Amino acid sequence: MQERGTVLPIVLLISAMLLATSAAWFEASLAAARSAVNVRDYLQAFHAADSALTLCARSAVASTGLGVIASQPAAHEPAQWKVEATFEGAAATPLAQWPGSLRAPQCVAEEWRLAGRPDARAYLLTARGFGNKRESQVWLQMQLVIDGDRIERHWRRVAARPF
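Residue numbers (full-length UniProt numbering): 1 to 163.
Some clues are possibly wrong.
When the alpha-carbon atoms are kept at most 25 Å apart in a straight line, the in silico SDA-like pairs for lysine to any residue are as follows [stated by the list, open to error]:
1. Lys82 to Leu102
2. Lys133 to Ser63
3. Lys133 to Trp25
4. Lys133 to Ala23
5. Lys133 to Val61
6. Lys133 to Ile69
7. Lys82 to Arg161
8. Lys82 to Ile10
Pairwise CB distance ranges (calculated) [what the hints assert, rightly or not]:
9. Arg34 to Val7: 19 to 29 Å
10. Gly100 to Ala120: 37 to 47 Å
11. Val37 to Ser63: 33 to 43 Å
12. Leu12 to Arg103: 31 to 41 Å
13. Val83 to Gln143: 11 to 21 Å
14. Ala20 to Thr86: 22 to 32 Å
15. Ser29 to Glu135: 17 to 27 Å
16. Val145 to Ala23: 17 to 27 Å
17. Ser63 to Phe163: 25 to 35 Å
18. Ala16 to Ala160: 37 to 47 Å
19. Arg34 to Asp149: 41 to 51 Å
20. Ser63 to Phe26: 22 to 32 Å
21. Glu135 to Ala24: 42 to 52 Å
In short, the hints are calculated from the structure, not lab data.
As the structure is a computational prediction, the values presented were derived from the model and not from experiment.
Yeah, the Cβ is synthetic: ideal placement off N, Cα and C, and Gly gets one too.
Take these sequences, add in the hints, and give me the full structure.
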C-alpha cells in the first residue's frame, strides 16, 4: 500500500518535463523565425547593392559619369564615400526602387588617378543597398581600372558601415 501515493508525483514530474521541453522548442522556433527574417532582409539589401554596383560600373565604363566625384592624383584610395554628407550629396540612384526595400539603392563613383598608370582611368565605386529596415544596409565596393581596352574589376564587401 505504500505505492499508492507515488503515481501523482511521477505524473506531475512528467508533465513538468513536457512543459519545459515545449517551452524550449517554442523559444527555438521563435529564434529561428527571427534569424530567417534577418537573413532575408540581408539578402534583400545585398542584391540591391550588387545591382546598383553593377549599373554604376557599366556607367563608368561607358563614361557617362553617373555620380562621379573628381579627385586629384593620389597614392592612396579615395575616402569621400565615408563622409555621410558627401555620399548623400553625390549618390546616384541607378534604380528608381528595389522591390521590398525601404529605399532605392545608391552608388557613388570616386575618380582615382593612379600615380603609376597615368593613362588609366580608375574609380572606386561604392554602393549601398537597403532591406526592409533602415538598419539593414549592405555596402559593397568595386575598384574599377580602365586602361585602354583592358578593364580590371576588384570587388569587396564593406564590413562596417561608415556612418
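Confirm or reject the claim that Ala20 and Thr86 have a C-beta distance inside 22 to 32 Å.
Taking Cβ atoms as reference, Ala20 and Thr86 lie about 55 Å apart, which means the hint is violated.
Per the hint of 19 to 29 Å, is the separation of the Cβ atoms of Arg34 and Val7 within bounds?
Taking Cβ atoms as reference, Arg34 and Val7 lie about 41 Å apart, which means the hint is violated.
Could you grab the alpha-carbon distance between Lys82 and Leu102 and see if it respects the 25 Å cut-off?
21 Å, holds
Is the gap between the beta carbons of Ser63 and Phe163 within 25 to 35 Å?
29 Å, holds
Taking 11 to 21 Å as the stated bounds, is the beta-carbon spacing between Val83 and Gln143 within them?
Hint holds: Cβ distance 19 Å, inside 11 to 21 Å.
Just tell me: holds or violated, for the beta carbon distance of Ala16 and Ala160 against 37 to 47 Å?
Hint holds: Cβ distance 46 Å, inside 37 to 47 Å.
Range hint 22 to 32 Å (beta carbons of Ser63 and Phe26) holds or violated
58 Å, violated
Holds or violated: the 17 to 27 Å window for the beta-carbon distance between Ser29 and Glu135?
24 Å, holds
Just tell me: holds or violated, for the beta carbon distance of Arg34 and Asp149 against 41 to 51 Å?
Between Arg34 and Asp149, where Cβ atoms are some 50 Å apart, the hint holds.
Hint consistency between Lys82 and Ile10 [alpha-carbon to alpha-carbon, up to 25 Å]:
Given that 25 Å is the threshold and the Cα spacing comes to 64 Å, the pair is violated.
Would the hint linking Lys133 and Trp25 be met if the CA-CA limit is 25 Å?
Violated, at about 28 Å.
Check whether the Cα positions of Lys133 and Val61 lie no farther apart than 25 Å.
32 Å, violated
Of the numbered hints listed earlier, those contradicted by the structure are 2, 3, 4, 5, 6, 8, 9, 12, 14, 16, 20, 21.
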